[in-house]
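Undergrad: Each chain is listed here by its residues.
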Amino acid sequence: MIAELGHFCLILALGLAACLAIIPALGVRLGNESWMRLSASLPIGLFLFVGMSFACLASAFLTDDFSVAYVARNSNTLLPVYYKFSALWGAHEGSFLLWSLIMAGWTLAVSLFSGALTLDMRARVLSVMGVLSFGFILFLLATSDPFERSLPIYPSEGRDLNPLLQDFGLIVHPPMLYMGYVGLSVPFSFAIATLLSGRLDSAWARWSRPWTNVAWSFLTIGITLGSWWAYYELGWGGWWFWDAVENASFMPWLIGTALIHSLAATEKRGVFKSWTVLLAIFAFSFSMLGAFLVRSGVLTSVHAFAVDPERGLFILAFLTIVVGSSLTLYAVKAAGIKSVAGFDFSSREMFLLANNVLLVVATATVLLGTLSPLAYEALTDGRKISVGPPYFNAVFVPIALLLFAWMALSPATTWRRTPWARLWKRQVPILIGSAIVATALVWLLASFEFVAIFVVTICLWIVAGLLLDVARALGNKRDRIAAFFRMPLSMYGMWLAHLGIAVSVLGIVTTIYFSEEKDVRLEEGMVVEMAGYAFAFEGVTQGRGPNYLSDVGKVRVTRDGKDVVTLFPEKRRYMSGGSVMTEAAIDPSPFRDLYVALGESVDNGAWAVRVHYKPLVRWIWWGGILVAFGGFLTVADKRYRAIRVKRAMAVGAPA
Amino acid sequence: MKFGKMKSHRRNRLLLVLLAIAGTGTAVGLVLMALNKNINLFYAPAEIVAGNAPVGETIRAGGMVVNGSVKRGKDLDVSFVISDLKSSEVTVRYSGILPDLFREGQGVIARGVLRDDGVFVADEVLAKHDEKYMPPEVADVLADAHKDKPQAGKTL
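Chains as they are written, first to last, in this note's numbering: chain A, 35 to 689; chain B, 24 to 179.
Since the hints were made in silico from the structure, they are not lab data.
Treat the hints with care, since some could be wrong.
[What the hints assert, rightly or not] With a Cα cut of at most 25 Å, we get these calculated DSS-like pairs of lysine-lysine:
| no. | chain 1 | residue 1 | chain 2 | residue 2 |
| --- | --- | --- | --- | --- |
| 1 | B | Lys-97 | A | Lys-552 |
| 2 | A | Lys-596 | A | Lys-672 |
| 3 | A | Lys-552 | B | Lys-94 |
| 4 | B | Lys-97 | A | Lys-588 |
| 5 | A | Lys-511 | A | Lys-302 |
| 6 | A | Lys-302 | A | Lys-552 |
Looking at chain A on its own, in the form it has when it is part of the complex:
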């Protein structure tokens, strides 16, 4: 009964999405104000019904209703209750319901916080979002109904959630990621609405900026969580694999990053208007492309959901319609947009533009590496290839390094004109200082690695540049401490986000160059030495969890004869499906992780054991969190409070 209710709610939501897509837009065309006003109420209904549908599926999971095929495939009576709930988004159908719910949530948020927009603008934006909601819900109902029953014969026990997904990381990673993916539909919708209205002004950029920052920050958190989860859960100790699905989330992030910077230039200086619109279209298009890659199974990926060509075809068709019509609209309308303000060759505008070019090129290289297996297969009659990390490392890393160096330089520039001489006079000393400190640090603490020194130099340069920027911003103030607390929040946001990137890159380069890793065969009583630590293997005992049995290894770690920690890596065998999973044991600390994973039992009591020493690995994710925090902070800036926006919009709007 509950499942049917959920299905019914979803159908109603589809109807409401259709109304939202058509009526307000038609109202704009016909000048019917009451139709336009429906854009305020329809999103409430849409959110309510998708929400109820979501709640119905959740209740089917929590009550172990295995007559619902999706629940039977992805849950089990033995599953702890929090995993029963998160199992809802453990596979394709439910995760897309979550996607649709988040889409409805963003739509509602836009309708609630857009009171300052003119009525016709709001109607257009929400109609575009209605079209997207309609497509997503139609996709659910047509190809991926999560409420399908397997009556009259249904299993008395579910097949269980994939053990890898029975983890805290998987409770939070998909919702955060989807908040980002779907959130990018807001700047997209606004860009489309603006193109339709033909009113492309700075007010548009000002309105889009906070939404873009929030969506992008969620995406940052989602990617960071995914990387962290892969690190501790997959048992390989890696944190990024250039897997097709990782790339699918990374590309919208890169374009989103470009969009954030381009929006800044458009808002502040009224330049790059049509470019910014194009980026807004592309950012969301890459989100949809990601959805297509993950859910169609066209690429071999560790993330691939079960393959279903029908689904792939549907998303591809929807993707083509949305992207195709957006680009056509852009081609028709964007030609008339002119940027009025002039700027010098050496100016902040130019620096932002170069940043954008680098980010877009970086995205293109990732896209090429991700899609070339598809192209190759199509061109060579089914010959399959894979493009591995070496490609991405060879291509993406140099571009990224160039981008980081650029990032160090950019905050020191000023709008309109930045004399090179002044820029050099400020930057060269701190660059030299950074290089000396980096060389000393890397050489003394580890060994002379040229690339590592180079990258650490850039990181220190970024941080030093930021400090200089802060100092300059406070320089002419009398009460510097008071001034520090009165700075606009968006400045802090920028500083924090840039600092986060530096922290993250520092973690990445240290982990890459100075990690140690060994796969060894260990018998009880044997010791492995690594990075000054001694790992003593003290055998394996049997353990038991709520829904699994496990072999628990005991590894005592000492340093200079003193106890550091005792680690208990596990090999779990899940009772329902018999699948085996490695649960690595990690001793985290700010400056290094010790990581031990149990392989298989080899022969007479010996085990294969993987031991890692990973310096600064945690900085990678701390950096990501700083970046996201910086992004969120910008939104709290006074500038974005409704009244100010209202005034700006009132000025920008025609009579």
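Once you've looked at the hints, dock chain B against the given chain A.
TA: For chain B alone, kept in the frame of chain A given last:
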């Protein structure tokens, strides 16, 4: 005044375009070079047995792990046989920890180098998140092997 502004604007635009072309050119060159070097072709056991796979290059091979074929050596050396369940079998050597879902009778993909004695030395054995999931490459291998045509004839 206005004309002068236009001029600097135009000059900026020209510089921009040149920069963009230079950047794109370099990037495309780099990318194609890297792509060319790092493409790993997939070969079915039948192609390897027939001698159609290159020796000494990094390639990928895949098939079903034959029951009873997994043998341990010293330390973490292991060897196993992959097959298309029809006629062709290839011995794979690997040193290290096998993924959790590696089991006899399951489909696997290995990346590595084919030696001239026909043994495939893997430096990576691919793991999957899901034991119900069959790598598409392996599914194709099995489907092709069970068609009537001899597999060895199907090359580029």
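Undergrad: Now, for every hint given, state plainly whether the structure supports it.
TA: Results of checking the hints against the structure:
1. Distance check on the hinted pair: Lys-97 (chain B) and Lys-552 (chain A) sit about 16 Å apart at the alpha-carbon level, within 25 Å; holds.
2. For the suggested pair Lys-596 (chain A) and Lys-672 (chain A), the alpha carbons sit about 54 Å apart, so the restraint of at most 25 Å is broken.
3. Simply put, Lys-552 (chain A) and Lys-94 (chain B) have alpha-carbon atoms about 21 Å apart, close enough for the 25 Å limit, and the pair holds.
4. Straight-line distance between C-alpha atoms of Lys-97 (chain B) and Lys-588 (chain A) comes to about 23 Å, which keeps the hinted pair within the 25 Å bound.
5. Proposed proximity of Lys-511 (chain A) and Lys-302 (chain A) is supported: the alpha carbons are some 23 Å apart, at most 25 Å.
6. The suggested pairing of Lys-302 (chain A) with Lys-552 (chain A) is violated, with an alpha-carbon distance near 53 Å, which exceeds 25 Å.
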